[in-house]
Each structure stands twice: as C-alpha cells, then as structure tokens.
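K.L.:
Residues per chain, in single letters:
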Amino acid sequence: MKVRRIRLRNWRGVDEREVHFTPTGVTVVEGPNEAGKTSLLEALDYLLDEPESTAKAKVKAAKPVHRDEGPEVEADLEAGPYEFTYRKRFVRKPLAELTVRAPRPESLTGREAHDRVRAILEETTDLALWKALRIDQGDGLVPAKLGSGTWLGAALERAAGGTAPDDREETLFGAAEKEYLRWWTPSGKEGREQTEPADRVTALTAEVAKLREELGRIEADVARAADLAREYATLSLAAADLKRAAAAHDSALQRIQGLRLRKAECEKERALAEATLRNAESAAAERARLVVETEVAAAEVADLEKSRSDAAPESEARLNALAEAQAAVMAFAAAAGQAAALAAVRERDFEFRRDELDLAQLRERLARIVVAETEADAAAKALATNLVDEAALQTIRRAREEFVRAQAAADAARTTVRVSAESAVDLRVDGIASPLAPGERCEVAVLGASRLELPGVASFEVVAGAGAAAPRKTLDEKRERLRDACATAGIKDLDDAERAHAARKESERVVAARDARVQENLRDLSRDTLERKMANLVPRVDAWPRERPVETALPTDFDAAQTAARETKSAAVGAAKELRAAEEARDAARKVRDDASAQLSRTEGRLGVLRDQATRRADALAATRATSSDEQLATGRDAAAAKLAAADVALRGAQKDLNDAGADTLETLAANARAVAEQAVRKLRTVEDERTALSARLDATGESGVGERLSAKEAELDHAGRDLAGRHAKSAAAKLLVETLRTARDEARARYVAPFRDRIEHLGKVVFGPSLRIEVADDLSLVSRTVDDRTVPFDSLSGGAREQLGLIARLACAGIVEGQGGLPVVLDDALGFSDPRRLEEMGALLALAGRKSQVILLTCFPDRYRHVGGATVVRMTG
Amino acid sequence: MRFLHTADWQLGMTRRFLGAAAQARFTDDRLAAVRDALELARREGCVFAVVSGDVFETNHVDRQTVVRALDMLGAAKVPVFLLPGNHDPLDAGSVWLQRTFRERRPPNVTVLDSTLPIEAAPGVELVGAPWPTKRPLRDLVAAACRDLAPSTGALRVMVGHGCVDTLSPERDDAAAISLASAETAIREGRIHYLALGDRHSLTDVGETGRIRYAGAPEATDYDEKAPGHVLVVDLDADSCRVTPHRVGRWTFLLHEADLAGDTDVDQVEALLGALAAKDRMIVKLTLRGVLTLRQQARLDDILAHARDLLGALEEWERHTDLVVRPDDDDFSDLGLSGFAQTASERLRALAAADGAEAVAARDALGLLVRLARLAE
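Protein chains in written order, with the numbering used here: chain A, 1 to 878; chain B, 1 to 376.
Looking at chain B on its own, in the form it has when it is part of the complex (with noise of 0.2 Å):
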C-alpha cells in the first residue's frame, strides 16, 4: 500500500523579512509545492495523502487563502486526509468549522476531527489524533492510541502532530508525544505507521523507521534540515520503506563572516555572487570584525546590489557586531582642507566613542566620504 506523507503547509503564512513582491512569489511557491506533491502522490500510485497538521498558518486565514486551498485539493486525483495541528486547531474559531470550508470542501478531502478509525482504502484505516485546542495538556497520539483495539488485519495509519518528547527541548511539555508509547503500539500492532507533522525537518524518530516527520513541503526558516519535502510511503504489516520527494523551491541560507579587511569584503561579495537561483534565496549574513569608512561603503554597495537579486536578504545588528573605524587612509586622499578638515577630524573623534552619537558620527563620516567623491 503507498501513499503520501505530507504535513505542515502553514497556507498563509507570511514572512515578514520578505518585501512584497518576494512574499507574493513565496506564497505562490508554497501552494504550487503542495500541488506539485498531490500530482506526485497521483504519478506514484499513492491511494490516498495524509497531511499531519497545520495545514494553514493560522485558523484565520484570509478566506481567499481557504478558497485556493480547497480548490488546489479539489483537483488532486487522490483522497486527501487533513489533520488540525496546533497552527489550525479544532476549537470553537476553527478554519474547519468555517462556513466557507465546510461548504466548499471538495469530497476527497477528509478532515481528520476525531480519533475514531477511517477506512482510507480497502484494509487502510486511519487514526487521527487531532488538536482540539492550541494547548492540550495530554499526549494526544497516546490517548488516541490507548482507545485502539488491536488491528484484524487492516493496515493501520496514525496521524499525529506534535514534537516527540525525545526531540522535544522542554522537558516537561505534557503535548509531548511519547515516543516510547508510540513504538509500543507499532510494536504491538496497534499501528503500523506514525505519520507525523510540526517539525519542519524531514525527520526518521525512533528506530522502527516507521515514526516519520514528513517536515514541511516548502523550507520556513534557516534552521530547518532539509525541508522541501514529501515522503512518499510504502507501507504493509512486515515492511516500510519511506522515499522522500523533493517539491520546494526556496532556500534559507545563514552565513556568518568575521570581517577585517578588503579580502573578507571580496569573499562576502564571491558568496553572494555564487548563489544560484537567488530569487528563491533567503540569505541571513551575520557579519563581525571591523572595517574603514571605504570598506563599509564597499559592502553596502554589495548588499545592495544582492538585496535586488535574492528573494530576500536579512539585515544584522551592524552597530553592535560589525564596527566601523574610519582610518586616515579613508580621508587621505579627498585632500580636504580648512573647515571640511576640522569637521572631518571632529567627527572622527565621536566616531571613536561609543554610543548612538558615535553611530550617527561614522555615518557621517561615510557620508562625507561619499560626497567629497562625489566633488572630486
């Protein structure tokens, strides 16, 4: 039996460091690489797709962004079961209880609201365990499983959302899935596949390689391993052999430089310059060390150059982690003389200081330089 694992598509999700036109092309991209793993699961063969939680960002997204969603699904070739996750729980608010989903939900879409079994395909059931609030206080997977008789026969397929305790970083988070439980019931075949979602790195928990993070389909943020993905499962009573699927199109990137002179400038510049598909790109530099008036006008000439090109690139906290120390080589050669000397030489001293006048006084300065070129 094959089907697909997907989760965590957070439709409508914004990402403030974008500028307009990026998140426009962001958000296009996130609901192609949803479409893009429905035709997938379609061209493998897969009966069904599961996706494990938080399929929207939010229970109140924009209407448009649920109308696009379901017609997006409606179109897929395959029965699609969709589980409240804690981005989207089943509370009072819920974008599922909505009039506009629940009337425009096309019939292969499913939405996992209960833990009670569903027949998926002939001899496929499904478990959900889905959020009914954005805090349960309880292992919701261990609680829909303990109410599990053992299966006759059919294939069993839990969907589950959450962080596994062992994965967890707070130790005491009692909506943490207990690993240990959730292989006890695979292992007394209770269930035989965990199909998991919230973490956005695709993820093998465990060791019976059938408790998976499909992670997200399309990356979110710099620290996720690997996201971009859908798992394509292959999964009965004796075996389960997992393939995942490439769909996404964005990259985070986090680069950190500590910079001292000309040649550190040039390797930020060599970076940057050799990143491919740079309107996909979302580049995070983190930048440390010292640099003179003409070396820091260098790099920002850079940046900006890179901002036009990468879908997006993040600014730093400058001031504090990259300093900026105006040398006499900066002035040298402008040969200012009379009252243009005595102010450059002014706000050289507040430049050395420390504090926002000191700020100010090195922007001045870079701005001095800038003009006295410009007079040249």
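Chain A on its own, in the form it takes in the complex (with noise of 0.2 Å):
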C-alpha cells in the first residue's frame, strides 16, 4: 500500500490541509506543534478504520470545537493493482465515497463504500504489518512487533524459497498444543488424562494380584485339603495292619517270656550249685590251713627254746660288767665331794673377805654422810642467830660511812687542844684519864665543852665556840644511827659485822653443799639401803669365822681368798667331771644288762604265746576231725563240683532254647512294629489336626466371594488397561503431531528469520560500522547487537540505539515487503534519542531506505532529517 495524498477538512484544529507523499522515497513532513501532523496519521487510520457512521467518542473527539462540521479526510491510495480515492466525513453528515481509477473504475458510497475498501485492503495489505511499521509519537523505544505479520512471513519464506504460511496453520498449530496439553504438562511429562488411569491400572493391578494369591491360597488349601483327605484314609488302613502285626509279635513274645522264666530257674539253680561247691572248697581249704597252722605253731615253740637256752651264759658277763663300773661310780663320787667341800669352804671364804671389805667401805660412806649432816645442822643453828645478812652489813657500813664523814666534819670544826707532855703527865680529858709520857703528845678536839685535868694540877675548861655545835650534833646523830644498826644486828661494830657476815655466808654454804655431800656418799644407794646392807652384812663377817671348819685356814686377804677359791673350784670342775664318765660307762653296763634281761622276758612272753597257741591249734584241729574227716571233706567237694557242672548244661541248653526261638530278632521287630503303630497313629493324629485347621480356615475363607470379586477387578482392570492404551494412542498421536508441527515451523521460521537479519545488517551497518551482526528471535524480535565483538543484549542498549534499530528492523521489513505492493514506513517523531552524528547517519539510512520504500517522516524539529538525501519536504505552518 502506498498512501499518495492526504487531505484533511474540519479536523480538530485543521480548517483544512493536504499533503502529498513521494510513492517511493522519503516525505519529510515538517511543523511546529499542533500544526496537524498527528492528525493526518490519526485521520487516516479512521478513513481505513472506521465507518463513517461510527459513534465512537474517540472520533467524535476529531471534530472541531468552534465549528459545527464533521471531521472529513480524503485520501489518494494505492493498494496492489488498486489505485483509488477515498473520502469519510463524521459525525455531521457522515459520507463516504470511494473512487476506483484502477485496475477497473468504481464508485461506491456509504457502507458499500467502506466495505469495499475493507475488501481491498483485505486483498492486497497486511494490515496488522502496516500498524506495525508506524512508530507513533511516544512510540520509540517499543520493539516493532513483526513477527505476526503473515505478509512479512510470506515475503520472508519466499525469500527463503518456501512456500507462504497464513493464519491457518497458527491457529491449527493452537489446537494440536491445546490437544497435547490435555494429555501432556508443558513440561512433557504425562498429564492427569494419563497418570490417573495409570495410577488405576496400577492399583487395579495390585488388587488383581492381592486376590488372585487370595484366591491361589485357598485352592492350596483345598488342593491340601483334599491330599490331606487321601493321606488320611491311607494312614488309616495302614494304622489297622500296623495294629494286626502288632499283634502277632506279641503272641511270639509271649512263648519267648515262658523260655525266659525257665532259663532264670536254671539260672538259679546253677547259682545254687555253685554256691555249695564253694562252701565245701572253703571247708577243705581251712582244714589244710589249721594243719599248717598247728604244724607251724609247734616248730615255733621249739625253736624259742633252744634260742634262749643258748643266751643263759652272756647273760652273767653282762651283770659283773655292770658292778665293777658301779664300784668306779662310788670312788670317783667320794673324790668329787671332798673336792666340792672344800671348793665351797674356799668360796665361802673369799665370800667373807668380799664381804667385809664392802662393809668397811659402807661405813666410811656413812660416817662421811654423818659429818656432812652434823656441819649443816650447826650452821642452820648459827645461821638462826647471825642476823649479820647482806642487807644488814650494807646498812651498817652506810652507817659507819656517815658516821665517819660527820666525825670528820666535826674535827674539822672542832677545837683542837694539843697537849705536850715535858714530863709523864697524869691527864684526865673530861674525867678519863690520858696520862702522858715525857715529850708524847696528844690532842683533844673540843666540841661544846671539854675538861681538862690534871689533877691537882690544873683544870682546864675548853670551850669550843659556836661554829662546833652543828657538826657535833650530825656526829652525834650518826653516831646514834651506828649504834642503832649494830644493835639490830646483835654485833658491836662494823668490823664485827663483817666477821659475822663472813661467818654466816660459810653457814650458807655448808647448809648448801650437805645434800651433795650426802648423795656423793651414797651414790646409787638410799640411806636405808645402805644401812640395810651394812645390816646383812655385819652378822655374815662376824658369824664366819667361827663358823668355818678349822682344818684350812682363813686366807689373809681378799685376792688370797680369791685365789684359793678359784683353785679348789677348778679340782672340783675336774673330779666331778671324772665322776660323770664314771657313771656314763655305769649307766651304759646298766643297759646292756637291761636290754639282755628285757630280751629274755620277751622271749620268756613269747614262748608262753607260742605254746597256748600250739595247744589251741591242735585241739581245733582235733575237735574238727572228730566232726568230720579230711577224706570226708574231699568227698563232699567232688559232689559240689559235679552239681554244678550238670546246671551249667541245663542253663546252657535254656540260652540255646531263647536262641532259637529268635527272641532278640522278634522283640526288635515287635518294638519296632509298635514303635511304627505309634508313629502311624502319631501322623493319623498329625493329619486329623491339620484337616480339622484347614476345614475351619476354608470355613472362614470360604465365603469371601474371593473368586467373584477377581473376576470383577479383572474385568475392571481390563477396561481399565483397555482405556489407558486408547488415552496412550491419542497422547501419543497428539504429542507427535505437536512435535512435528513445532519442528516444521521452528525451522520455517528459522529460514525466514536469516533474509531479515542480513537486511537489518545491510542497512544497520550505515549506522552501527561493518562489524555489526544481529540476532534475530525465530519471533522476528531483535535479541543482540554485536559490534565490534561486543554483544549487548537488546535490552541493555541506550534508548537511542534501541530506537535506532527499531526503526532500522521497520526499514528492513517495508524493503523485504515491497514486492507485495509494500507499506509505507510512517515516524511520528521519532529519532528523538539519537544524537547529531547518529541523526546524520540515521540520515543517510533512511535516504537508503527511501530507495526501496515509502518513508514518511513527522517531525517538528526540520534538522532532525536535515541529512535524509533526497526527501521531500512537506512544511506545515500553524
């Protein structure tokens, strides 16, 4: 279809317009907004679309607001053969007019008018194809939607060389996938319409087999049954037989029970005889016994006999033996006691020399704890009056000190009166007279008031002065205080005081040392002890010496005593020891002569034995014989032996008896025959058990209807499989359809997919450089651009280039078309994306496009085709 001519008349704000396009080549139809571009496309797709007696709003919308005028459109199209104008006016005086130029002149109007049109475009454009290569205003980025045109489908097969498909085989293609989507999920696996029956045939199957070894069981159990029932009537029959031989054994036994009993009496009786035999052999032998015995006992007698007869001589030699070491004993014992008397004078003596040196030095000991106890109680005496003690002296010679400092104080103040005697003088100082030799002199110190004498002579009043008074005072109270203290001590002065303090430390010391000193004297003995053993041994040294014999004398001293002690002890250690071998050699004499006389009262013991027993023998052996004779007891035996050796032949004859009669043989068998009765009857019972378990479980199957309800489940399971191998049929017949449908047309589709893509490359490479490949969807959709080796899905691509190849892919799809009569490539504003260079080489691609196609361009920015070779120029002014 190529549109020529467009005239518009009341069409919203367009009083009237008309544009002419270029059939082939590029009409660039330039205009500010709202200069009525939108309008022609708009205008158009009504004159196509709709009657002209439509009352849609969005129509109505088309007519002017300040004019009461339908919208009108006319246009010049050609359409295959067709040439035509065609004419609508809405919503005021609808019309519609339709002249036909070619291929034959028509002129129709109204609904015919309009029908026609529908007729041709039907004929001869694929409509859906002609909206799809129209970018509206807005419409840029949207992919074109190609692939649901069958014209481009046609075109492309015969590009391809195919045939071309129509709507038909979509719509076919439809079916056969909803016909395998009953059977099949989208995924391919089997439908419900099919694994439901499955599932049934398979549970039906499950049941069928459940009874059948129902069913199986039950006529084994009848199947037993009746083998049972047979088995039973055999086991019966020969159970009776069993019982008949059973019988027949016993009697056979009971022969053999009456050989048995005589055998046990022959048994018996041979038991018998040679129980006799072995008394009257037992009678002979002790006969024989007593003989020997008898014989033996006599021998013994004599020979005892002559054995002591021959011991009378040795025997004497024994007893003197015996008395001459008896006479050694008593003179060896006669020596050893004169030895050990005088061995104990001697040691008694030394014994009292021992003694009496020990009490002498005992009562040294005591004497010297009796001084030391003497000395302290003296000193304790003198200790009790001397009151001179350490304290005592101290305070004295205190006193003495201040006493002689105050004297001498008192000198010092004192009036001294030196006195020189010419002549011998008779003195008298205060009344005591100090008679003076010629040329002596001597001194009075005044202290108040001294009277000098000389009787007859002359007195002299010597008066100290006042100076003297004071220290004559101290002298005198410290003088008191000296006097004072001696006379608490009981001494007179200071020097007796320190005589008597001396006195009374040497007290102390004795009292002190008295214990030592007694201890030191009785070292590890008491008092008492001591004088306990000075008790003891006062009478013992005073007793021995006139107790002792007198025929020694009383050694002089303790070693002499020692001496001679030790010596006669050692002659009566050796007489002693003499004395013992003596009786030793005594005691063996002793022994001999003892054990002679013991052997000979055994001997003299035994032979009264031997001879009682020598009589008792002979008189039993008597006294049996008088009972019965040797050749009596001979005779009995013989008979004993011949009855027994009868009974062995009787006994042995009873055993062949048995023998013959096969009594081993017939108790086997008849054991053995009840045994297997038993065993008969055992099984009959076995079997009567088992029937009477199988009767009661085929009551309890046996109503079950089992076989009934097999037949049932088999018959349902066949429909049932029946069913499921028809629905297996058509899945399978739907999904091979669908398969090879899909296979036709996905590779229809691939083969008209490669024409599209190599001029979408042809023309694409204008814009996007020789490296340009595309990707086309069996759809027609564009999937990737690759440039320069980078793939960038179609997506992922800028606005700009996403339009550019849309609008591309159109170009590509009027050029492919045109042989049909083509379409016009229609942009309503596009190419807003692309910047000045892509809008140059945009330029050049539509110029190329022009070459083949109708192109129109709507635009109100005239640069933006400025670079499109060879367009015409439509310019719109408001």
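These are computed hints drawn from the structure, not numbers from a lab. One or more of the hints may lead you astray.
[Stated by the list, open to error] FRET-style restraints, in silico, Cβ to Cβ:
1. A/H728 to B/E39: 18 to 24 Å
2. B/S332 to A/P186: 51 to 57 Å
3. A/A128 to B/L253: 57 to 63 Å
4. B/E39 to A/A233: 53 to 59 Å
5. B/S178 to A/A233: 23 to 29 Å
6. B/G123 to A/D241: 43 to 49 Å
The beta-carbon is built from N, C-alpha and C at its ideal position, and this holds for glycine as well.
Fit chain to chain and form the complex, with the hints in mind.
P.N.:
Pasting the structure below:
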C-alpha cells in the first residue's frame, strides 16, 4: 500500500490541509506542534478502519471545537493493483465516497464504499504489518512486533524459497497444542489424563494380584485338604495293618517269655550249685590251713626254747661288768665330794673377805654422811642467830661511812687542844685518864666543852665556839644511828659485822652443800638401803670366822681368798667330770644288762604265747576232725562240683532254646512294630489336626467371595487397561503431531529469520559500522546487537540505539515486503533519542531505505532530518 | 413323568468386555432367566428340576450371589436338585459346604453330593455324578453307572457334568464321559435319561435321544449354539420327549468384514443399526482391510455410536487387521500450507512405514485432519 495524498478538512484544529507523499522515497513533513501532523495519521486510520457512521468517542473527538462541521478526510491510495480516492466525513452529515481508478473504475458510497475498501485492503495489504511499521509519537522505544505479520512471513518464506504460511497454520498449531496439553504437562510429563488412569491400572493390577494370591491360597488349601483326605485314608488303613502286625508279634513274645522263665530257673539252680561247691572248697581249704598252722606253732615253740638256752652265759658277764662300773662310780663320787666341800669352804672364805671389804667401805660412806649432816645442822643453828645478812651489813656500812664523814666534819669544826708533856703527866680529859709520857703529845678535840685536868695541877675548861655545835650534833646523830644499826644486827661495830657476815656466808655454804655431800656418799643407794646392806653384812662377817672348819686356815686377805677359791673350784670341776664319766660307763653297762634281761623276758613271754597257741590249734584240729574227717571233706567237694557242671548244661540248654526262638530279633521287630504303629497313630493325629485347621480356615475364607471379586476386578482392570491404551495412543498421537508441527514451524521460522537479519545488518551497517551483527529470534524480535565483537542484549542497549535498531528493523521489513506492493514506514516524531552524529547516519540510512520503500517522517524539529538525502520536504504551518 | 433339565447357570459370572452397567444388567438377567425357567417348570407341571452342574461360576462366589440364588430357589414351586460341576466341585472349599449355603438351603433344594440314588418323586430315582474336585481323573458318570443295579421299575435319571468323549477336543481326557458306556447303561435299563451339563450349547448327544445337554439358560459367549434354553423332558421307560424353551435374553454376535472403502463402512453401519434389543446384544467385530483417514474417522464415529447403544462392542486388534492409509484426498481440501503442510507430509511418510511409530503417525494424522476440520 502506498499513501499518495491526504487531505483534512475540519479535523480538530485544522480547517483544511493537504499533503502529497512520494510513493517511493522519503517525505519529511515538518511543522510546529499542533500543525496537524499527527492528525494526518489519525485521520488515515479512521478513514480505513471506521465506518462513516461510527459513534465512537475517539472519532467524535476529531470534530473541530468551534465549528459545527463533521471532520473529513480524503486520501489517494495505492494497494496492489488498486488506485483509488477515498473520502469520509464523520459525526456531522457523514459520508463515504470511493472512486476506484484502477484496475477498473468503480464508484461507491456509504457502507458499500467502506466494505469495498476493507475488502481491497484484506486482499492486498497486511494490515497488522502496516500498523507494526509505524512509530507513533512516544513509541520510539517500543520494539516492533513484526512476527505476527503474515505478509512479512510470506515475503520471508519467499525470500527463503518456501511457500507462504497463513494464520490457519498458527490456529491449527494452537489447536494441536491444546490437544497436546490435554495429555501432557507443559514440561512434557504425562498429564493427569494419563497418570490417573495409569495409577488406576497400577492399583487394579495390585488388587488383582492380591485377590489372585488370596484365591491361590484358598485353592492351595483345597488341594491340600484333598491330599490330606487321601493321606488320612491311607494312614488309617496302614494303622490297622500295623496294629494287626503288633498283635502277631505279641503272641510270639509270650512264648519267648516262657523260655525266658525256664532260663531264669536254670540260672538260679546253677547259682545254688556254685554256692555249695564254694562252701565245700572253703571247708577243705580251712582244714588244710589248720593243719599247717598247728605244725608251724609247734616248730616256733621249739625254736624259741633253743635260742633262750643259748643266751644264758652272755647274760652273766653283763651283770659283772655292771658291778665293776658301779664300784668305780662310788670311788669317783667320794673324791668329787671332798673336792666340792673344799671348794665350798674356799668360796665362802672368798665371800667373807669380799663382805668384809664391802662393810668397811659402807661404814666409811655413812660416817662421811653423818659429818656432813652434823656440820650442816650446826651451820643452820649459827644462821638462826647470825642476823648479819647482806642487807644488814650494807646498812651498817652506810651508817659507819656517814658517821665517819660526820666525825670528819666535827673534827674540822672542833677546837683542838694539843698537849705536849714535858714530863709524865696524868692528864684527864673529860674525866678520862690520858696519861702522857714525857715528850708525848696528844690532841683533844673539843666539840662543846671539854675539861682537861691535871689532877691536881690544873683543870682546864675548854669551850668550843658556836661553829662546832652543828657538826657535833650531826656526829651525835650519826653515831647514834650506827649504834642502832649494830644493835639491830646484834653486833658491836663494823668489824664485828664484817666477821659475822663472813661467818653467815660460810654457814649458808655448809647448809647448801649438805645434800650434795650426802648424795656423793650414798651414790646409787638410799640411806635405808645402805644401812640395810650394812646390817646384812655385819652378822655374816661376824659369823664366818667362828663357823668355818678349822682344817684349813682362813686366807689372809681378799686376793688370797679369791685365788684359793678359784683353785679349789677347778679341782672340784675336774673331780665331777671324772665322776660323770664313771657314771656314763656304769649306765652303759646297766643298759646292756637291762636290754638283755628285757629280751629274755620277751622271749619268755613269747614262748608262753606260742605254747598256748600250739596247744589251741592242736585242740581245734582235733575237734574239727572229730566232726568230719579230711576224707569226708574231699568227697563232699567233688559231689558239689559235679552238681554245678550239671546246672551249667541245663542253663546252656535253656539259653539255646531262647536263641533258637529268635527272641532278640522278635523283640526288636515287636518293639519296632509298636513304634511304627504309634508313629502311624501320631501321624494320623497330625493329619487330622491339620484337616481340622484347614477346614476351619476354609470355612472362614470360603464365603469371602474372592473368586467373584477377582473376576470383577479383572474385568475392571481390563477396561481400565484398554482405556489407558486408548489414552496412550491419543496422547502419543498428540505429542507426535505437536512435535512434528513445531519442528516444521521452527525450521520455517529459522529459514525466514536469515533474510530479515541480513536486511537489518545491511541497513544497520550505515549506522553501527561494518562489524554489526544482529541476533534475531524466531518471532523476528531483536535479541542482541554485536559491534566489534561486543554483544549487548537488545534490552540493555541505550534508548537511542534501541530506537535506531527499531527503526532499522521496520525499514528492513518494509524493504522485504516491497514486492507485495509495499507498506509505508511512518515515523511520527521519532529519533528523539539520537545524537547529531547518529542523526546524520540515520539520515543516510533513511535515504537508503527510501530507495525501495515509501517513508513518511513527521517532525516538529526541521533539523532532525536534514541529513536525509533526496527527501521531499513538506512544510506545515500552524 | 415330566421334569425340567437345565444346567450351567454359573451364577456370579463376570464378562470382562461388559461395562459396569451392562454387567449389572447381565447379572440380573441371568438370575431372571433361571427364575423364569423354574416358573416354567411349575407351569408345565414338572415334578422336579435338575441342574446338571455349574450352578455357580466358582466355589468362591460372593455371599450375596449365594444368598440371592437360594432365595430364588426357595421361591420355586418345584423340588430342585443341584449337581456340583467343574466350576463348583465338592471339594474342601466348596460353596456347598459353606455355612451360608448349609444354613439357608431351602427345603425344596437338594445337592446331589453322592452317587447314591435318591427318590426325586414316587417312581423316579435320581443318580448324581458330582464333581469331587476340579480335575477328576476318571469318567464320573461311568463310575456312577457301574455301581448301579438294574432299575426295578422306577424311572432313573442320571445327572452328570462334563464333556462327552465324542465331543471332547481332548482325545485323552480322563474325565470325559464315555458316550458308549452311557448308551449301554440306557440300553440295559440302568438309567433312562442322562441329564448333562457343561456344554453351553443345546445338544442332543448320541442315538438314544435320552442323552442331552440343556445348554446355558443365558448365553455367555460367541461360540455357543442355541444357548438361552432349558429342557422340559417327558420321560417314561419307552419314550422320551424333550422340548426346549427359550428363557435367555442376551445375544452374542461375532461379525467379520473386509473393509476397502466407504461402501464397506456403510454396510457396517447398516448391520449395527439393524440389530434388535441392542442393550442385550454383545457384538465382536473383526474388521480387516485398508481405510483412509477419513473413512477411519467415520468408522470410529459409527463404532462409538454403536458402543453407546449395545450391551458391549468388543475391540479387535485394529492395528494389525485394519490398516489406515492416509491418501491425498484426506488432505486436499484441508488447504494446509507452510509448516503445517510440511508436518503433514512428514507424518504421512512415517505412517507409511511399520511399527509403533507408524501407528502413532496414523493417529497423529487422524488428529491433524480432525483439528484442521474443526478450524475450518
């Protein structure tokens, strides 16, 4: 289809406008907004799609606002072989007029005109593709949906050498897919229409198997019951036979029992004969033994008597030796007694001298103890009277010193009267005679007042001055204190005190040393022990000199006594030793004699016993022989032996009879027959039990109706199986059909994708360069663009690139369908996303496309398409 | 003396080619046929009825089947004698020994469980040859006859079950009934009539006219001849008159046809359309030949319609016997083009071969044609 001209009248804001388009090539319609560019396309759509009488709101909206006129559109169009002018007015005074010029003139109006144009377009134009090739305002980024166009498909098929498909194929494919989805899931698995019947078949198969098994069990039971019935009959017969056989065996066994009794009697008789023989033999043996024993006893008596008489001389010699040994013992005993007595005296002598010495020492120690005690007692007494202890002594010493110092002070203060005698004078000082020899001098110290007298000659009253009074008083006090101190201590003066103190100290030492001195002499003894020891020793020491034998002299001292004691003791030991030797010799002789006499007495005893025994045996033998002679015994034994032999013969006979009767075999057979009969009975019982159990089981299962249920289920399974087979056939057919259709369709699509892609790449290289590769899906949508080996998915491309590729795809498409009469590519305000360089390239590309197709560009930007070479430019003004 | 001879009731039988509803109908009708037979016996003045074996389909029928049968028997106005046959032998698991049967057996019903003669009516003795197991290893009828003394005036009817040796397909069947020895027994007057069961076709055996198979009272399979009858027997020592009466309702039809084109398909349609009492008709078609997809589709429609009407329409091995070969006509008016055309050509190539894939391809083509027509 080609649009040659469009004229609008009273269309929205446009009063009247007419635009001519070049049939092949690019027409650029420029104009500002609201100049009516988009109205051109709108009017063309309504002209072709809507009847003139339409009441659609969108059509009504095309009516001009300020005029009561119907919007009107007229177009010159070419479609296939048809060329026509088509005019419609809507809303007000609607009309439709068609004037067909080629291939033959036609002129129609109203509905006829509308229908005729629809028919022409249906016949010649792919209307869907016509819409798809347009880019309306704002559609720039919407990818072209070209795959639905049958024109394009047909063109592409032709390009690929195939035949043109139509919508019916797709409808058929859709129906086949619907049928397929009845049986299969979209992912190709069996759908419910298949799985549910299959599950049913599976379930029924299981049920049938179960019922068959159940029936099999029942039939096995029935078969077993029949077997058991037969077995029972057989066993019953066999049991009866066995019972009869056992009875026959029993009568044979009774005869055997008789033979066995006879044999038992024979055995009894034989045992009796055997016992008799044993008794006879035993009596004979006893007799023989008795004879031998009697003889032996007589011989023993004779032997013993002989040995006794042989031993008599030897016995006497032994007695003599003993007497000699006894005499020697007596002699040695006397000597030893003397030596021992002497040794005893000497020992006592030694003890006496030792006691004597001990006593002297003890006495000395006791004396020293008494001295110590006496001295200590005296010292204690002295201490009781001596009051000058250390403190008293010190007090006195201090009083003395103070007195001396007071005296010195008094002396210094006193008045001294020095007297020198020129001749002997009888001087008296204060009444005290102090005669002086010629030349002698004396001084008299005067404290207060003193009186010097020369009796008869003169008396002088010397009075000390007042300064001497105080020292004198002090001196008097000190003197008094000294005197008091001495008086308290019971002594005269200091010297006396010193002496008394020394004596006191000595007394204290003696008292203190007392215990040490006593202990030193007591050593390890107490005083009592010591005294007791002395008391013990004293009588002994006193007694021995009086008591001892006078034959020997008492040794003079301790050492002599000790030596004498040692020597005599040694002599006594030697004598004792000799005595013991003599005693041992005597004991040995005595033992020899005792042994001999014991032997003799034993011999005598034994002889007595043997004589008794010999006598008893001889008596016993005689007695038994009186009862039965030796010959009688022998005869009895022989008779018993003969009887035993006869019993043996009888027993062997009985045993033989028993053996001949086959007792063992018969018994074995009888026992076996019994066992077999019992076994048969047991088996019969087992069979009976099993029959009972089986019968009970069959009673229980018999009415379950399993046979009928099984055939009903089998029928059901059969139906289900056939149903399933039918479904499988149908589903397989649907699958095969869809797969075959899909494969064929995919192949066809793949075939016409190639020329489409080639055409896009041919055009697109102008814009994207020679390395451009485009991937196109089977539905002819664009998948990706590859430039310089960089592949970008279509949706990830920039807005400009997407718009450019969308336009290129449309131009390619238009080029491809040109052979069918072509479709215009209409772009309303497109390429708004392209930069100036791209616009230039797109201009070249549009020019290239325009060589084959009709391209109509509407724009309000005159510059946008200035690079489209050879374009026809139509300017619209507002 | 008049009595009713019937056999092979096989109550509790299931036919696997029947749908659930048809099976229920079939089961009810089989019991109704027996009921009608016993009513006939009363009407015709029969002194008793004998059932020559296979009263039940199996020893392991549902309790309900047994109870219903006993109820029906109890309602009958004649004494009924039942013989255990190969389907319901007198073994340890036998239906005859089950408590339900023992306790609910009506007084007019007797099981012929031994070969001892029973007085069925004054002057009439019945001798049964019951099956003791499923597989007896001897001629039970001959064995029963052997033990019999010549009759002393009474009419003697022997009731047996199994295949007569002259009809038996198995030459060495130990259990086959010797026709010769049976006829000898009749000639010698030991028995006067041998009422047989097992064979579902109404059959007069041998020369005497006194050895008969009553056949099944209701048809059970395609190969049965004159099924659906019972026999009213008028018997005395000198004569034996046997009158068959139809009591069955169901028919089995086996039809074979070669199909080569639309005319043959038309004939199948006509045949099925002409059938009477369709709901009690069981049909098995064995069709051979070659059909186009279009003819096949038509045949399928005809068969689907018949299946809705008939008691049962059995499938046949269509893929081996009836070949579908698509031809150009199948596709010429479909106007297939483009990939659909390609797909159909490929499927046709596949369908022309053999094997499972070819079958699937033919089915796929059938589907394609159907869908394409729907799309038109």
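K.L.:
All the hints need checking, so say for each whether the structure fits it.
P.N.:
Evaluated hints:
no. : hint                         : in the structure
1   : A/H728 to B/E39: 18 to 24 Å  : 49 Å, violated
2   : B/S332 to A/P186: 51 to 57 Å : 34 Å, violated
3   : A/A128 to B/L253: 57 to 63 Å : 58 Å, holds
4   : B/E39 to A/A233: 53 to 59 Å  : 44 Å, violated
5   : B/S178 to A/A233: 23 to 29 Å : 27 Å, holds
6   : B/G123 to A/D241: 43 to 49 Å : 45 Å, holds
Taken one by one, the earlier hints fail for this structure at numbers 1, 2 and 4, listed in ascending order.
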